[in-house]
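Enquirer: These protein sequence lines are chains P, L and D, in that order.
Using this note's numbering, the first residue of the first sequence is number 145, and each one after it goes up by one.
Using this note's numbering, the first residue of the second sequence is number 4, and each one after it goes up by one.
Using this note's numbering, the first residue of the third sequence is number 7, and each one after it goes up by one.
A couple of the hints might just be wrong.
Unchecked claim - EDC-like cross-link-like pairs, simulated, lysine to aspartate or glutamate; straight-line CA separation at most 16 Å: (1) L:K221 <-> D:E8; (2) L:K363 <-> L:E347; (3) L:K235 <-> D:D228; (4) L:K45 <-> L:E84; (5) L:K133 <-> P:E306; (6) L:K108 <-> P:E292; (7) L:K109 <-> L:E84; (8) L:K363 <-> L:D298; (9) L:K262 <-> D:E269; (10) L:K133 <-> P:E292; (11) L:K213 <-> D:D142; (12) L:K235 <-> D:E8; (13) L:K221 <-> D:E269; (14) L:K129 <-> P:D422; (15) P:K340 <-> D:D142.
If you are wondering where the hints come from, they were derived from the structure by calculation, not from laboratory data.
Here's the letter readout for the chains.
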Amino acid sequence: MHTVTRPIIIFLCICLVMLLLFPAVGSPFYTELVTRIMILSIFTISLDLLIGFTGLVSFGHAAFFGIGAYLLAILFNDVEHINYWWSLTLTLSMTGMAALVIGWLSIRTSGIYFIMLTLAFAQMCFYFFFESPHFGGDDGIFLMNKPEIMLGSRQLVDLENEHHYYYFVLAWLVGVYLFLSMILRAPFGHVLIAIKANEQRVRALGYSTPHYKLVSFVIAGTIAGLAGFLEAAHTSFVTPAYLGWHESGMAIMMVILGGMGTLFGPVIGTFIVVLLQDFLPGFTEHWKLIMGGIIIGVVLFLPNGVAGLIYSLTNRLSSKSKEAGREHV
Amino acid sequence: MSDQKKPGISRRDILKGGAAAAGLATASSLIPTRFAIGGTAKVKVGILLPYTGTYAKLGTNIKDALQLRINENGGKLGGREVEYVNIDSEAAPPKASELTNKLIKKEQVDFLIGPVHSVVGMAMVKIARKADVITVIPNAGANGLTGSLCAPNIFRTSFSSYQPGFPAGQAMLEDGHKNVVVMYWNYGFGKETAAAFKSSFLAGGGNIVKEIPTPFPKVEFQAYLTEVAALKPDAVFTFYAGGGAVKFVKDYAAAGLNKTIPLYGAGFLTEGVTGAQGAAAEGVRTTLHYADSLDLPANHRFREAFMKATGNPADVYAVQGYDAGDLLIQGMAAVEGDVKAKAEMIKAMEGATIDSPRGKFTFSKAHNPIQDIYLREVVNGQNQVVRTVQKAVEDPAKGCKIG
Amino acid sequence: MESSFYLIQLLNGIQYGFLLFLLASGLTLIFGIMGIINLAHGAFYMIGAYLCYWLTGITGNLFTGILLAIPLSILFGYAVERLAISHLYKRDHLYQVLLTYALILIANELQSIFWGNDVHSVPIPELLKGAIQLTDNQAYPIYRLFISAACVVIAIAMYWVIQKTRLGMTIRAGASNREMVQALGININWLFAIVFSMGATLAALAGMLAAPVNTVYPGIGDNILIISFVVVVIGGIGSIKGAFIGALLIGLADTFGKVLLPEMASMVVYALMAAVLFWRPQGLFGKV
Chain P
145 MHTVTRPIII FLCICLVMLL LFPAVGSPFY TELVTRIMIL SIFTISLDLL IGFTGLVSFG
205 HAAFFGIGAY LLAILFNDVE HINYWWSLTL TLSMTGMAAL VIGWLSIRTS GIYFIMLTLA
265 FAQMCFYFFF ESPHFGGDDG IFLMNKPEIM LGSRQLVDLE NEHHYYYFVL AWLVGVYLFL
325 SMILRAPFGH VLIAIKANEQ RVRALGYSTP HYKLVSFVIA GTIAGLAGFL EAAHTSFVTP
385 AYLGWHESGM AIMMVILGGM GTLFGPVIGT FIVVLLQDFL PGFTEHWKLI MGGIIIGVVL
445 FLPNGVAGLI YSLTNRLSSK SKEAGREHV
Chain L
4 MSDQKKPGIS RRDILKGGAA AAGLATASSL IPTRFAIGGT AKVKVGILLP YTGTYAKLGT
64 NIKDALQLRI NENGGKLGGR EVEYVNIDSE AAPPKASELT NKLIKKEQVD FLIGPVHSVV
124 GMAMVKIARK ADVITVIPNA GANGLTGSLC APNIFRTSFS SYQPGFPAGQ AMLEDGHKNV
184 VVMYWNYGFG KETAAAFKSS FLAGGGNIVK EIPTPFPKVE FQAYLTEVAA LKPDAVFTFY
244 AGGGAVKFVK DYAAAGLNKT IPLYGAGFLT EGVTGAQGAA AEGVRTTLHY ADSLDLPANH
304 RFREAFMKAT GNPADVYAVQ GYDAGDLLIQ GMAAVEGDVK AKAEMIKAME GATIDSPRGK
364 FTFSKAHNPI QDIYLREVVN GQNQVVRTVQ KAVEDPAKGC KIG
Chain D
7 MESSFYLIQL LNGIQYGFLL FLLASGLTLI FGIMGIINLA HGAFYMIGAY LCYWLTGITG
67 NLFTGILLAI PLSILFGYAV ERLAISHLYK RDHLYQVLLT YALILIANEL QSIFWGNDVH
127 SVPIPELLKG AIQLTDNQAY PIYRLFISAA CVVIAIAMYW VIQKTRLGMT IRAGASNREM
187 VQALGININW LFAIVFSMGA TLAALAGMLA APVNTVYPGI GDNILIISFV VVVIGGIGSI
247 KGAFIGALLI GLADTFGKVL LPEMASMVVY ALMAAVLFWR PQGLFGKV
């Protein structure tokens, strides 16, 4: 498991500053695109808690993203003034409940069977929305108004304003990152990491591992629901495709590509994948060929994803500076 | 890439285009304000269509035909050169908002053309309404796009799901089929088509023996065909398209059902796929706003030009793209290339008559074509027109508040 | 009438089950026996279908088309294993997911470059063209029976090779303990390359055999990917018998689901998988 070294902290701080400054220099389109990437990053970070830290590979994580998005769109479909606090609480607690049920049913299995069972539940949720006559079916559903963030009678953030929304999502991303790193540094997190390494031994030590796995699953599902909530509030449009296995698979790609078990790796993976998707089609009609080549290159030459590369680079830098420091002494 | 080709423009066309451009140049010196605003910069046409995956063929045909029509106009809109910005929609709804924004905000296109897929259309139209960019939909048939989502700047040159579906009820009753099984892919397009069919079929005194929605996009039909055989209806009405249509028609024939129970469908059942269906498609009757074999001068001209330009035979999707190009030409001609004169341009587009390969048509108040629907039958792998079922079919545009 | 209706549906269900086993057979080897999470299974299937369409078109006969396409598939599978997969055996299984996903992207683009985006069909050879009359108005195409027969042959052959031959024993041993088999002096690299290309070829063969009934169009591979994984997992990983019975179960559940619970037809397969795994977390015939 990776530890967050000081050079990594510096690296992350630089990234954060760049994100903070971006709207000042970026065009409206890219500001909006980065907003979307950050929303997806919240989603992939939550998946990293499962894949990278607990050793649970969920192939149905998009279900919670979709459920979060749908709950906002269904419950507040034509409400004129959506109270942000209330809608968020309601959406997240219901997504958390869904994660609890699906998690409880799934964690009985492990390995590939867990992968397939989470897929099965996600597909059932997908078809529920796809074929249901009530929630727009495959055509999807619109959210007529955006949530309003009020404190008393004052509006704190205007979600209609693209810059406001950008910083709002960035704040959530930082918050989720800090929250998860805090959890992972707590005893609870140590147990999760130990479960990934060797579940038998953790159980032998007297821990009830299914409970730990379930809590981890619910936390990850709820955060995915948060990402879905933010996406629905952003585009005001939700379709069943959000729950499909393509989206779940894409999230797994982003996590592995970026570097699993690092929390910040999946964010990098998300940025890379979405930006490539934006950038490559400009060159050729057959841009997916290049995309496939890049992914293969990463798999073969970057054994721990892009984050692994960053680790080795920063380590080399820091060891060099240490050596340099020693010479001076 | 195929959009680099100069689709079959004869020398005369070029001369004509040149003359028109020269004419416009003199006109512009008379009214300088217009060109001062519009400038001589290129007109940007943003195209959001699928070029990969299941719908790739539709996307390519629409794009090629659109550019063919504009090239016939000297490659110009309102006297100005045209720049195309192509984006692959991948028919992926979660990406639709982002890609539409890319065209509107990053590329700052003057016109938006697309998409094929209705759900992508939902997301796209929602953004285009807000951004007030003139949008022409060359395929996506969801009723809502020119219904509850209609807007002054949204046009459609294809059809609404209602249009091929509704006249089919009448056509089947006229053919003497009273007891009918309805089968369709259980998704938006299929459901809307089936609903339109049922409304006219039941109103005309028909009886629906059973309604069988089948999971989309699955193509395993055997269990349903056994059911149809057991129910013994007079005929079957269906909605399937693309690869699913090929599979369905072939399975239907392989089960021997085509011998006793005639097969009907919305036109997409036999559109662009009769080659793959082969003998199984013979005798299948469908309703649509177009047929390859339509004996109209505009159709002959178009099919020849499209073949020359792309090397592929034209289909209904190409027709819809071609007419989208025509609509842009008429709109831009009315304002002489001044894209800022939106209100005036929209007025011209609303009043436009499109001399389409499918026959002349005009637009409804909701900006959907008012068009004739033909009953076609597959004869020797060709959709032959049996008769015009209903003239000037207009979508009811439920929930549309303009006009 | 009523009972014959259900009898025919039973036949449909079994026949669909056979087809599913055929679709999943390549995955049974690559994923079930070798343990590689191969998302490119659908891509191999798609390539098989297109090769079949292309070569049948050239030669004018389905069987010569298939005969020519098989060596090409073997080569293709071998190349993929040597160039890409072989570098991943010692790493976390998840990198296989990423790599085989990239293979899907590449295969789809190659298909679009070489064969375009049209819908194609492959003609059924004269010999198998007929149909058997079942009821007064429904017939059963002989080609479907041919597919079922081919599936049974493949199932028996796979079972025999993997369970009864020395090669099969070595493969199973190699999958569970690479180092040990290597220590016994067996060229494990060669062995794995062979099994992988056999699996890829079976996937391609499924695409070829199904091409005349399924038609050939972009994206066909994606549609069979998930259902193939479902078949292998319900049966229990590593068990050919399990995959066979799993496929039959799904075929029957899907067919009767469509008839009896039409509004839930899409969910039945997944509900079945969830129920099986809830009851037996390692699949029907999987080892604990």
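Enquirer: Against which earlier hints does the structure fall short, listed by number upward?
Expert: 1, 2, 3, 6, 7, 9, 10, 11, 14, 15
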